[in-house]
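*Asks:* The primary structure of each chain is shown beneath.
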Amino acid sequence: MTCDDAALLIDDHVDGSCDPVTAAAVGRHLSTCERCRAVAADLSRIRAAARTLGPVAPPEHVWAGIQATLQAQDTEAPSAGWRQLLPAAAGFALIVSGLSWVGMRLPAAPVGVQLAEVQADDQFQQAEAAYQTAIDDLELIATEADAPALAEPAFVALHASLVDLDEAIDEARERLSVEPDDEFSQDSLLTALDNKVVLLQDAVALLDQDRTDIEGLNP
Amino acid sequence: MNQADLDVARRCRAGDPAAFEALYRTHAGRLFGLVSRMLGSAPEAEDVLQEIFVSAHRKMGGFRGESSLGTWLYRIAVNHCLDQLRSRGARMARATESLDQEEAFEPASAEPAVPSAISRIDLERAIAQLPHGCRAAFILHDVEGLDHREVAETLGISEGTSKSQVHKARMRLRRLLTARIRKPGAAHPQLVKLVKAL
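Top line first, the protein sequences correspond to chains A and B. The opening residue of the first sequence carries number 1 in my numbering; numbering runs sequentially from there. The opening residue of the second sequence carries number 1 in my numbering; numbering runs sequentially from there.
Chain B extracted, bound-state conformation (with noise of 0.2 Å):
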């Protein structure tokens, strides 16, 4: 238990301006850079960071430093972020991605395609255009660094499932990354392989 969360906590709920602007200033980067990425949109990001904030100061009496106050507000932010996304439009997403579970494991190429530094604002992205189930397992495991047991507890998904998610993912950034880096005029490989085909 930390008594320094406890010690904010109870400033904040007792009404304490400053120490909830503190509260705020802290974490609010880390949340954002999750629940942008999470939702691949920079405005709904910011609506959501404010209702999770708004959230945390109505939940504050809830709290009872159990995990520290990021983990806390880490928690009221992925699900602010999995009830957006639902509320978003899952079908329309789940569809997609059932076309996206067919994505064979392919290494087309016998070298290295994905640049050895790949640049931050590339990287965001193809992360933003990944399908929202696979990108949410991604930015949980390989961007916040949780394990595979983690991430199914915070998605209520399988183990499984989390590891197929993660793999979807990294194979459809592998293409997005190799797609961007491919020269001015060159076919795109499926074009290629379309054209050989006929």
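Next up, chain A with everything else stripped away, as it sits in the complex (with noise of 0.2 Å):
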């Protein structure tokens, strides 16, 4: 074994989690290699003393902090979860059919309607559909042909926004496969489709008034 292959066991290694025949593999060239011997108790000692760090007390106002929180929703409208997004997706294609210059393009989907008429059940996939449905007419606005080009900054920060949102929305729907129902998935998955429908808004509207400008120069 050399010290590459044992680069790549050392951890298992000390985790105890090789078989018994890596694991003398392993053992043999830490017997004969001092630095992969070094490296494997400096890691086991790093592992060791991880496994001491405890439970940290927060500080008193934290604990205060909730009780006020909690106080002050009480005497709000009770919400429930992702289904406080609900009015969210229901409003973005009238949203977004409010912008003057995609409102020439797009027909304005009832969302609205739909999602106070189906069952708790199917609200989920309804409200995922309404922002998807968002998501897709915005997206496609913001390729078309004739549609103005973002300044680089402002591209450079949109992609990039895109592209974590995406991984976002990703993962929620990754998770959501295995465990269609778990709320906490549901939860990240259309915040995450939340703020991408906000973020497409922003840049539609930065389109938006690009053009408006061209048009002012170029009457």
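These are computed hints drawn from the structure, not numbers from a lab. Watch out, some of these pointers could steer you wrong.
Just a sample of chain B residues kept apart from chain A, beta carbon distances all over 12 Å, derived [as the list claims (entries may be wrong)]:
#	residue
1	L6
2	D7
3	R11
4	G65
5	S68
6	P131
Covered by chain B, according to a simulated footprint, are these stretches of chain A (three or more residues, beta-carbon under 8 Å) [as the list claims (entries may be wrong)]:
#	segment
7	42 to 53
8	56 to 63
9	170 to 178
10	183 to 197
On the chain A side, residues computed to face chain B include the following (Cβ under 7 Å) [as the list claims (entries may be wrong)]:
#	residue
11	I66
12	T69
13	L70
All C-beta atoms, glycine included, are put in the ideal place defined by N, C-alpha and C.
Reconstruct the complex from the two isolated chains, following the hints.
*Replies:* Dropping the structure here:
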């Protein structure tokens, strides 16, 4: 076994998760290689020290803040997880159609009416579909041939944010493919979709502004 | 199914403040440790811990006792941390981590370089300096004791990625902890290497 081979197995060795044959092979290498032995010893010390890191008491004002927030919420209308995003999902199609430039191109989707009528179990799928429709429409507009190009800094920032959001969406969908009723993943997915719609709306509004400016220069 | 947990959840749903405070007192320490290490910032962790318990209170109706309340809360906490890290600026961390991936397995010293008794403060400081991707995997695996399959599920990554992130974190910690105990005035090994190369 070479040092490179050992490098691939050193963590499993430290964790004690190698099979007996591999563990013996790594052990033989470590018995003859001082440097790899030193690495293994250091990693073992780090692992052992990490296991001793225990709870950390939060400052007392954190509990006071929680109490205050819950008391404030008691006086407001109750919400229920991702369901609080339903009005946003329903409203996006209307908001999209309200943009001047966008309005010329998009039919208004009566998502809100549909959402109000479906059963709770279907609401998540309906909300996801509403967001996806809004996203598809916005992406279509933003990539149309006659859309003005965004300035590079704005484009770079937009692209990077979209990559992050798409990652979050993909992760949530992957988790939901395993556990479709998982509320945390549903929360994460709808929140990420919500953020993406808002981001795309901002982008389209920017494009709309650029287009208006260009038309103003070339009447 | 834990009947005691179900009872606590039922009392919290019914608006029993003492039950919710007891739940907080039982789990806040572990969760605050997790969150402050994951985020690397105590003030930020205080805000996130508050959000976690407010969120848990709101979601209590969805607790069906399929796992313990502790596990349920833990999952909410991890999701909040990941959302926080994502919104904080994943791009910068990713750029840093892509450089870290080049970090070679370099057994530079023939003697163990990390002290046999690592101080808690030194280790906490060093963990806070890890890039957030490998920090999360390291905390879940080495501090919290999850196996790689559980880490992978929690973070939405593959087991292979979990292993490589934990390895990267350990190697980075080795370097940080070694640098921390260098004698005052001693040159950094990388500096010595650079000078020799000139």
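*Asks:* For every hint, state whether the structure bears it out.
*Replies:* For each hint, the structure was consulted:
1. L6: For B:L6, whose nearest Cβ neighbour in chain A is about 17 Å away, the distance exceeds 12 Å, so it holds.
2. D7: 20 Å, holds
3. R11: Check passes; 14 Å lies beyond 12 Å.
4. G65: Its Cβ never comes within 12 Å of chain A, the nearest being 14 Å, so this holds.
5. S68: 16 Å, holds
6. P131: Holds: least Cβ distance 16 Å, greater than 12 Å.
7. 42 to 53: Since 10 is at least three, the answer is holds.
8. 56 to 63: Held - the segment 56 to 63 of chain A has 7 residues with a Cβ nearer than 8 Å to chain B, which meets the minimum of three.
9. 170 to 178: holds (count 3)
10. 183 to 197: It holds, with 5 qualifying residues against the three required.
11. I66: 5 Å, holds
12. T69: 5 Å, holds
13. L70: 6 Å, holds
Comparing the model with each earlier hint shows no violations; every hint is respected.
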